[in-house]
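Chain residues, written in single-letter form:
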Amino acid sequence: MILILLCCAYFTSRIVINLRRNQLSIKFVYLWLVLSLIGTLLFALRNHLQTIAQSMGFVLASNALLVIFISILFAIILNLSVSISKIEKKLEEQIIDSALIRSELHDKNG
Amino acid sequence: MIGIENMQGEITKMRLLILVPAYNEEDVIGSTLKELLAFDFINFNVEIDICVVDDGSTDKTSLIAHEHGVKVIQLHSNLGVGGAVRCGLQYALEKKYDLLLQYDADGQHSPTEIQKMIIESGHVDIVIGSRFTEKGEYEMGILRSMMRLIIAMLLWLACGRYIKDPTSGFRLYNENAIKILARNYPTRYLEDSVLTLYIASHSKLRISEISVKMRSRLGGQPSQSLSSLVQMSIMLIITLIAGTNRKSRN
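Residue numbers (the numbering used here), protein chains in the order written: chain Z, 61 to 170; chain P, 3 to 252.
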């Protein structure tokens, strides 16, 4: 339990530090907040995890947790892939636009 | 005479932009431009400008192109042939060119083939200079040929039209095609040539393929290795199978 608490403290401090340094956009802070909420929820329900896992068809609570976390991880990866693709597209457009503007300026200035 | 009839009923010359996308082509760009500039376009009755889009080269490509007195647009980063062509299409759209000819910097294309492409563009929107419509001298490796065949088949399934040389980079676009493709032209290798046809087909653009003679590269390095060609082909196949929604967004 101490290990879990230490992990939580570490991640929270990292998120706050990155946010203060402007290295993490607020959009992704929400994502981490949701993750911590899920973590807190699971921590609060730790005594009922076995029952919940069995009701979901898992023999062990650890199996259910693993499946849940892997699914969350995949969802995050998909979300990030979409974000990166959008940024890549915008970047391409910016590169082309800036090349055309520079060429126009070059023509005007002779 | 090839031209456009204006409101007074006079025939005005069409404006053609020859777009040469180039990436690290310092060995060949000079001779390609020299050949283009020396070619006698007088009989064409078309006003011709040449524009080199330097796709973030790290060598002297831009400098050599500047020395030949042609228009040069320099991209800061390497986007791939598609990025350079998209940039050229946007330039052509801004400057109101009637036609845009994509012409390789590596010396594979010949200016003698341009006229028949211009004539063909009179009744279609995109003219593809094909290496395979007639038996020519152009030789392609077995793996590349197989990839081309698979891509052509998939494109036929996706668009209902069989194009023998979907990866040809010798193409002529008219005003309609320029308008539609300027914002939608895919930048990644292979997507730039093949998906463009998919987009064009779904945007109801008319495509025609005519036989042209192509030479082997005069120098420089091919933009993609064989392994990346295989990787890109697989990605392209997935994209075509997924029926990607890449219709015009204009």
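Derived from the structure by calculation, the hints contain no laboratory data.
One thing to keep in mind: the hints can contain errors.
Unchecked claim - Derived DSSO-like pairs: lysine-lysine, alpha-carbon spacing no greater than 30 Å straight-line:
no., chain 1, residue 1, chain 2, residue 2
1, Z, Lys146, P, Lys206
2, Z, Lys168, P, Lys215
3, P, Lys15, Z, Lys168
4, P, Lys73, P, Lys181
5, Z, Lys149, P, Lys62
6, P, Lys36, P, Lys73
7, P, Lys62, P, Lys166
8, Z, Lys168, P, Lys97
9, P, Lys36, P, Lys206
Said to hold, decoys possible - Which chain P residues face chain Z? A few, computed with CB under 7 Å, are given here:
no., residue
10, Phe43
11, Val72
12, Ile75
13, Leu77
14, His78
15, Ser79
16, Thr189
As the list claims (entries may be wrong) - Pair by pair, the computed Cβ-Cβ distance ranges are:
no., chain 1, residue 1, chain 2, residue 2, range
17, Z, Phe88, P, Glu37, 24 to 34 Å
18, Z, Ser143, P, Ile236, 51 to 61 Å
19, P, His204, Z, Ile136, 38 to 48 Å
20, P, Ile240, Z, Lys149, 10 to 20 Å
21, P, Gly143, Z, Leu63, 53 to 63 Å
It should be emphasised that the depicted structure is a prediction, and the values quoted were computed from it without experimental measurement.
We put the CB at the ideal spot given by N, CA and C, even for glycine.
A quick look at each hint next to the structure:
1. Lys146(Z) <-> Lys206(P): holds, 27 Å
2. Lys168(Z) <-> Lys215(P): With Cα atoms ~39 Å apart, Lys168(Z) and Lys215(P) exceed 30 Å; violated.
3. Lys15(P) <-> Lys168(Z): holds, 25 Å
4. Lys73(P) <-> Lys181(P): Status holds; Cα separation ~21 Å.
5. Lys149(Z) <-> Lys62(P): Measuring from Cα to Cα gives roughly 28 Å; hence the hint holds.
6. Lys36(P) <-> Lys73(P): The hint holds at about 14 Å.
7. Lys62(P) <-> Lys166(P): Violated: Lys62(P) and Lys166(P) sit about 35 Å apart, past 30 Å.
8. Lys168(Z) <-> Lys97(P): holds, 14 Å
9. Lys36(P) <-> Lys206(P): violated, 37 Å
10. Phe43: violated, 23 Å
11. Val72: This interface hint is violated because 12 Å lies over the 7 Å limit.
12. Ile75: holds, 5 Å
13. Leu77: holds, 5 Å
14. His78: holds, 6 Å
15. Ser79: The hint holds - Ser79(P) has a Cβ within 7 Å of chain Z, the shortest such distance being about 6 Å.
16. Thr189: Nearest chain Z Cβ about 6 Å off; hint holds.
17. Phe88(Z) <-> Glu37(P): 24 to 34 Å: violated, 53 Å
18. Ser143(Z) <-> Ile236(P): 51 to 61 Å: violated, 24 Å
19. His204(P) <-> Ile136(Z): 38 to 48 Å: Given range 38 to 48 Å: violated, Cβ gap about 33 Å.
20. Ile240(P) <-> Lys149(Z): 10 to 20 Å: holds, 18 Å
21. Gly143(P) <-> Leu63(Z): 53 to 63 Å: holds, 57 Å
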